[in-house]
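Line order of the protein sequences matches chains U and H. Counting in my numbering, the final residue of the first sequence is number 995, and the numbers go up one at a time with none missing. Counting in my numbering, the final residue of the second sequence is number 528, and the numbers go up one at a time with none missing.
Hints are computed from structural coordinates only; laboratory data are not their basis. Ideal placement from N, C-alpha and C gives every residue a C-beta, glycine not left out. Among these hints, one or two may not hold up.
[To be verified] One side of the interface only, derived from the structure: several residues of chain U facing chain H at Cβ under 7 Å:
{"#": "1", "residue": "Ala58"}
{"#": "2", "residue": "Glu59"}
{"#": "3", "residue": "Pro129"}
{"#": "4", "residue": "Ala141"}
{"#": "5", "residue": "Gly170"}
{"#": "6", "residue": "Thr882"}
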Amino acid sequence: VKRGVSALLALAALAWALPAWTLARSEAAARAEVVALQAGTVHLVEGGKVLEGGVTIVLRDGKILAVGKDVAVPPGARVVDYGADAVIVPGLVAANSPYGVGPPSRRTADPGVLAVDNFDPFSSAYLADVAGGVTSAYLAPARGRLIAGQGAVVKLAGDDLRRRVVSRSAALQGSVGAEARDVPGYWDPPVPATVEVGLGVAEPQLPRTTMGAIVALTELLEAARSGKEADAYGPGAARELARVLGTGLPWRIDAGTETEIRAILRLAQSERLPLVIDGAERAGELADEIRRAGASAIVEVDVAPNSAGRDFGKGRDDRWPVFDTAARLVRAGVPIAIATEDSVRPRDLRFAAAVASRGGLAADAALRAITLGPAEILGVADRVGSIAPGKDADFAVLNGPPLSAASSVIATWIDGEPVWEAPGSEAAGSKAPGSKPVVIEVAELYVGDGEVLRPGQVLMQGGRIAEVGRRVAHPLGVVVVRGHAAMPGMIDAFGHLGLDGSSKAPPTDYKLARVVEPGDRVDRRVARAGVTTVVLTPRGQSSSGTPMMAYKPAGHDLELMVLSDPTALHFAWTNTRNRVESGKDVREVLAKAIEYEKKWKEYEAAIAKWTPPEPTPEPETKKEAGKEEKKPEGASAPERKDDEKKDEKAKGKEKPEPEADPVTGIWEGKLALPPNESEASLRLRLRLEGKVVTGALRCAQVSEGLVALGGTFEEGKLALAGLGSRGFVTLGGEPEEGKLEGKLAVGGTEIELKLERTTKDLDEARRPELRREKKPEEKEPKGKPRAPGTDAKLEPLRNAMHGEGAVVVDVDRAVEILDCVKAFEEAGIKPVLYGADEAWKVADALKGRVAGVILTHQVLEVDPRKGLSEQRNRFAELALAGVPVAFHSAAEEGASDLPLIAAYAVAQGMSPEGALRALTHDAAAMLAIASRVGRLAQGMDGDVLLLDGPPLEPSTSVLRTWVNGEEVR
Amino acid sequence: MPTMPTTTPTPRLALAALAVAALAVSSAATGAASSVGGSGEPARPAAAEGKLAIKAGKVIPGPGRPAIDGGVILIESGRITAVGRDVEIPWDATVIDAPEWTAFPGFVEAHTSRGMDRPNENLEVAPFLSVRDSIDPINFYFEDALRWGLTTINVEQGHDTVIAGQGIVVKPWGLTVEEMTVKPVAGIKISATPKRTLSGATQAQVLRRAFGDLRRYLEDLVQQKREGSDRSRREALFQGRELEGEKAKGRAMEGSAWKVEGLERVPRGEIDEKQEPLLALVEGRMPAFVYCGRPSDVRLALEVARENGFLARTTLVVSPECWKAAGEIAEAGVPIVIEGGLVHTERDPFTGKEIETFVPKVFQERGVRFALSASNSTSESLWYQAALATGLGLTREQALSAVTTVPAEILGLGKRVGSLEPGKDGNVLLFSGDPLSVSSWVERVILEGVEVYDRSKDVRMKHLLEGVTPPGTAAMGEEEEVTHEDEGPPPEAGDEKKDGKKDEEKPPPKDGGNGGNGGKGGGR
């Protein structure tokens, strides 16, 4: 246990202590680095300037070097691009914060108290504010005293403790308000008595009233200016005040009521004090007087009314919120800062500014009031508050307009370092690493089932669609993408992508999942073209049916890539060599299937009647409740096991000695990434054939998508290379007994690598759904009906009978089509017709009897006897008759032409809406995959296309593609 | 001795009984060495004046030195004169023959606030106070210190202060403070952390102002002398201060930070006693122990020490969390005393994960000299801290030096204590096994050549573990009923933990005892 603990502690020490001091050492190096920040929009704040349309900010050594639209990225600079939809504003400056506030002094005036002495740079309490975009904050020394001390301005994050203090002394903090009158009624004489000050007695202490406050301030000022001691205010008070007066520090005086404000304004004018009125929530009426006195104001906004849960009611006028104070002050020309209340954390400062603009404050003035405004009032505008060369590189990166409620902060920078980034959503069920929530905001959202939202928004989270509507939720830190139109990913209902030219028909029970591999470059290009789902169909036929599998070409993991396997069975009805034989094989198979289904039905009926002896191992109601459980576990499990055994035997034959292959398998491990040793996990999928190794690497920090790797394994040495989103990736090492130590190089950086092989069996790893939870085998009670065996070849047909699978039949002529549909009807199956040249002729007879029709490419049917005048659009005919149609490519990479095929059908008279449905929901529905793809609806897979125009316009192109919530690049 | 009635004793009765026991111990020890609780035994001859030879199965002379099997330590007049295998034992030396045991230098506690009646004073700035006046020789802490093998202890005021009084280095043995004293002035205690409910800004203000006031006071004195006023002299005479010899002479101000010109005009005796200790601090004549309870206090502590010229004589007493400020501490080059535990635990504010940091390792890697402290708790005594530190990642050498040689150097006693070398004080512990082993006992403690503790005669230990009341001690009724009573001095004040409870004592290594619960680490 001891060793475990010490190892743990050592790790902890590594994780925390090391970064801290390695940072300190490499600080100089890191700071000298030139960074180019890019975003669509940048608010400079100074002069109300907003740069739009791709702006670059160049930083070095924590300072801004240049900012502008045409600023060139210096050679060697590290580019951080937040994208065209991101908005950068200066790091927010909180004029109020609860930090550093100590209990007030016993004396009414204690100007020597420094708030900076209470600043805890090691605290992690500020993280929430930093996440809200606040980078600097004012610390008050104390509150509730006539003169409480000197406030400071500090940065809320950063490793360099010296840089953290922006101003040790930013304002003299005081109050003439009610709180200041709560001072103890006496001040304590010094203990012990000294020669100079004898045993003292408690003396009364001002103020109890506003006039008392003014008298006390006047007395203190007089003493300070004449170099005397004001003994009634304790030793040192006047002396320290004199020092403050010499520096010209602003007087930040809390004055709540109009009387108090007028009183302090008069004093400030007669004594020529640089005055800042603190807590000026109701100073709107006095705006002109404040301006005449040359004072500025800090307006507090209550962002969480009644958060204490006590309802005071609004019986008094001063309880009613006033929203126009800030606007009136600005209109009068008073410099203002908007702040959150002094007792709450300033994390909602942006929200406070938005609320303050309710009273008519312009958006740019509101933004200024939480950035440059407070910076100027607190005398730190030379370092923070706006984006200008020479200033500190403090930014808040937002995903929308700065004062919009739906915008949130996606990153915060302080002194040229990113100190906070919105965390990726690690929602349950999401296997996509680092997938952040994404909101797509478009003018036209094509939902897929015919509905169009104008405007529309989609929120994707954890790989799935979380919300669809005109305005959806914007989780904090969400990535927002804006564009013209969006639609669900398209479905190629019948394609060969993934077959790599193979023309052999596999056996009916073959798992097609074995032929596809995530991370294929061509697959990703197809997805980028908009085809996110392909129903993979082998070429060639087998009489008992060929499996078809719906998969996502850009899925980043096999688990997410395969929708269902098999999705459908493919039969050929038409026998072109001997039309008499047409449908013979299919009928035979169907007869078997009917028999098979009958046996199961009998079994289900028997088991429904059968009452198990005590104790009941399994409630039988489940069986009756629905048909979800098709197969009773007890019987099918051994059967399935046998299948697996056979499978394994077959694999054993294919592969040589497993020990002779030290490469094939899944490799996993963690690696430390420079510069700050952040940890990343890496997954490698490798297959060795001869000396050639192929595979894929996944590591979010190395490449945004999967990296397809190729290379060799010779003399125990593994050498692989591939292209990732961050440059060329090479991987070398020597695998030994399931361990791989080597080096990974990405874009010139070398990283030490330690991986472990988690499995040698690729096929097993890629088919997790096969590895079902094995229930402990129970002894069958006597008299329990025995289940018929499971036939993997007939199982898809049985699924189709229950509407859970599909059957695709090649058939062309009208007569054969009718025969075929009738045969399937007897088996209780609605087939999908493929080819079906003449289906339009019998469209009315097909309605409701087939799941759909996948037509060949020839859109127009021209009767040679009748000529062009009688040409028919077959898609349109079927669609008008109410028979769902789907588009297909019957190609490999050609799948990417699918949008064009559909656009052509529209050009030939098909309704665009119908074509869109045929590309998405109808195709999904006829192939029984509509529960996951084909529509934009809550819970569906996050497969979304962003378009630059209406879908199915030939001029429209797909701009960006998301598959399972992650963008395909 | 008559036995007490067997009725259930009230705590008051138990206290009385203990007071009697303590008195008995004291009387037996008068003028001669004896062992704790061994009041029934005849007093031994005073070895401090004579010679003592310790033959141990193994001698560990100190960190970084090879152990000697079958070594002899010769102590003459309280000082070690020889350590080695082939040491000739004088004929007139008392011999302790311990072939089973291991000899080890006494542990050095660099900072504690125990052994006083109260650890804190009400005054914020009181450098003129001396802990010496507050030490209670019969405080239970000192008796317990012997059981745990602490032989040199720096007693400083508590943390609830701004500038506190001067600490004192004592050995835990003697009837009077004079007898116990090892170094009369250890250094001034300063706290950079405010008392609970007080503001850090106020703390900083008071701390800075104290030095500002000192400066103004000195300037005022010089000004008075220039003007020919004899007010300070009259004040000194009025207070009955000595104004002769050195005190009658003036001396220019020393120190590296700031100076008051013309201080040589003022006879040193005329400087107010209340200000003098701070002047000593600024002139670099006085060490300082500055407490930092939070990492953010380190900056203030170092800043004040730097600005007033006593950084070179400063030792920081830090809480575990101060590892975060290790960079600043390393840069300042000051040694530290780690107090309050070895592991710092906190939660990551975003992930909520608990993060543990082994504090000494962080400082070790930064090259900061550190001493471990028992943190005012008896059960987490120095051997335990050292043992725990080796388990968590320090080497044995590093851990041992953090409880012997480093604290000795921090206290300016590097040439007197911390290891077994000729010329050093004869402070020897005899362990039944390895000093860092859970199953070892401190069997004997020799302090400056006097055997002051013998476990076999430790009344309280016997009572606790075996339930026997040795002959010659006041009986305390049924053992089960008294073992858990608080004993000894009046309850200690405020923030001081009462860790002196018997249930945290060591159990015997083998049979587990009948009174103890848990092992040495039971207190954790």
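- When the least beta-carbon distance from U/Thr882 to chain H is tested against 7 Å, hint result: Result: violated, 56 Å to nearest chain H Cβ.
- Task: Using 7 Å as the Cβ threshold, decide whether U/Ala58 counts as touching chain H.
- Result: violated, 20 Å
- Taking the least C-beta to C-beta distance, is U/Ala141 closer than 7 Å to chain H? holds, 6 Å
- If you take the shortest Cβ to Cβ gap from U/Pro129 to chain H, is it below 7 Å? holds, 5 Å
- Task: Against chain H, run the beta carbon of U/Gly170 and see if the smallest gap drops under 7 Å.
- Result: Because about 12 Å separates U/Gly170 from the closest Cβ in chain H, which is outside the 7 Å limit, the hint is violated.
- Query: Does the nearest C-beta of chain H fall within a distance shorter than 7 Å of the C-beta of U/Glu59?
  - Reply: Constraint on U/Glu59 not satisfied, violated at 21 Å.
The structure does not agree with the numbered hints 1, 2, 5 and 6 stated previously, though it agrees with the rest.
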